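Trainee: Sequence:
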Amino acid sequence: MLSKSLLKRRELMMSMGAAGFLAVPLFRESFVEAQAASFPVRFVVLHIAGGVYFPTGTEGLGGWTFDKVLKPLAGLQSESIQIHGSNNDAGAQMWSQSNEPHGAAMRGLLTGDSSVPDAGVAKWALTDSIDQQIADKIGGTVKFPSLQFGVSTRGAQIDQMRISFRGGSALPPIDSPATMFSRLFSGATPTPTPQPTTTSTGTATTPPVAPPVDTGARGRSMLDVLKNEIVALKAVGGVNEQQKLDQHLESLRALEQQLGPAPGPGGGTGGGGGGVNVPPPVVGTGCMTPNVGNPTDVPNILPAQFDLLYQSLVCDLSRVASVQMLCSAQSGIAFPYIGVSDNHHDLEHSFNPALDKVQTYFVDQMAVFMNRLKATPEGNGNMLDNTLILLCSEFGAAGDHNHSLVPYTTFGRAGGKVTPGRTLDYGEASNNLVLRSILQPFGIDKPIGDTNLNAGTVLSLA
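Each number in the working numbering comes from the position in the sequence shown (counting from 1) with 48 added on.
Hints are supplied without guarantee of correctness; some may be wrong.
Computed beta-carbon distance windows for the label pairs [to be verified]:
id: 1; residue 1: ASP345; residue 2: LYS292; range: 26 to 34 Å
id: 2; residue 1: PRO401; residue 2: ASP493; range: 38 to 46 Å
id: 3; residue 1: GLN305; residue 2: THR467; range: 38 to 46 Å
id: 4; residue 1: PRO401; residue 2: ASN428; range: 41 to 49 Å
id: 5; residue 1: ASP115; residue 2: SER398; range: 20 to 28 Å
id: 6; residue 1: THR499; residue 2: LYS292; range: 49 to 57 Å
id: 7; residue 1: GLN306; residue 2: ASP115; range: 39 to 47 Å
id: 8; residue 1: GLN290; residue 2: THR499; range: 21 to 29 Å
id: 9; residue 1: LYS292; residue 2: GLY491; range: 30 to 38 Å
The list that follows gives simulated cross-link-like pairs (lysine to any residue, SDA-like), each with its CA atoms no further than 25 Å apart [as the list claims (entries may be wrong)]:
id: 10; residue 1: LYS494; residue 2: LEU174
id: 11; residue 1: LYS119; residue 2: LYS494
id: 12; residue 1: LYS422; residue 2: PRO347
If you are wondering where the hints come from, they were derived from the structure by calculation, not from laboratory data. Being a predicted model, the structure only gives us computed values, none of them experimental. In this text, a Cβ means the ideal position worked out from N, Cα and C, and glycines have one as well.
Let the sequences and hints guide you as you build the complete structure.
Mentor: Okay, here's the thing in structure tokens:
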């Protein structure tokens, strides 16, 4: 029989509305007990553009080891599965017919789909990416079935450089942390699914118009807007829980103040910032199309996005998310803050070992995020135990557009469905089999993407 305290908390949670997420980090154990449920299982994709291989011998084609690019994650090696020997065949097939190697690699990475673009017109993968298939399975009871975070993703061919797809359209990442904060911690609705539009030259997809930020809250702290609900939360908590709530709110307020207001109208959306105006998509072939409107403040954007990703999961606002770090063929962004003056695209094509330094910089923030999950208790374990994180890159070697032996590494246990601390070798099979192995812990067991790329054995993560 449930205690009166548990019943009161459950009833409060059900009536909290926009502020319900604030209760989750405090009363997680109580809610699970009250609902006779298990802790939520989560899935996160971390995509790092550009591959990792150089002839100078830093990693080896299709591999990354814990003493080099993944060194910041060495302490989590026992929580990982290294998946070797799979080829992005769908991306390679698309490239052979579209003359766009980078966009093809991105589109095939999580879909296994080689749908061919019409000449000069972007056409999305027709298969839903694995994050969206998993969201259909586990994401329906929370505010955001899935979230797409971006770090300077408005690069060349804005409407081709995407990893998440649903219903034949891409889901553009949100590059602006301020916009993401407003989306998460207000009454705003999730981003609508992008819709194909017919043009004189064929079918293309324009990124969707984001819902406007709650204008009633503009210029005010989101937490102040939710003041009454916060008072109600404190009323049912003990002294210790009230202190934890105050600490949680202080951390959110500090993050909100650091980010500043979300960009207003004219600031762009999707991959570009915030607000309600969307620039037209940029369509091109080859990998030399210039960048457009890229937010380049990576040292501030990158940690802020990982902080918001953590908050979205710990508050149970979403259970499926992706972080796309740059676009493949990303030019126009250098990294002087770590002593690298060349842009990412030039580093890729010159096989410059400095790319390892850049990739390690991104991995370092991944390590902060994963260790934060591991440090957050959940039941008899921690949040990482109930999460499966997929770290991936679209190429085995971006410099020569090599779609062979693309690197995948998982972290976490997906609520006990995954057994880490080992290596799986696919022996140069299509990465469609790897995608199927990622789907299986979530109860999805079916072919994915191109039918002809599903032949072979699916190795189990269990």
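Trainee: Any hints this thing doesn't respect? Which numbers, in order?
Mentor: 7, 8, 11
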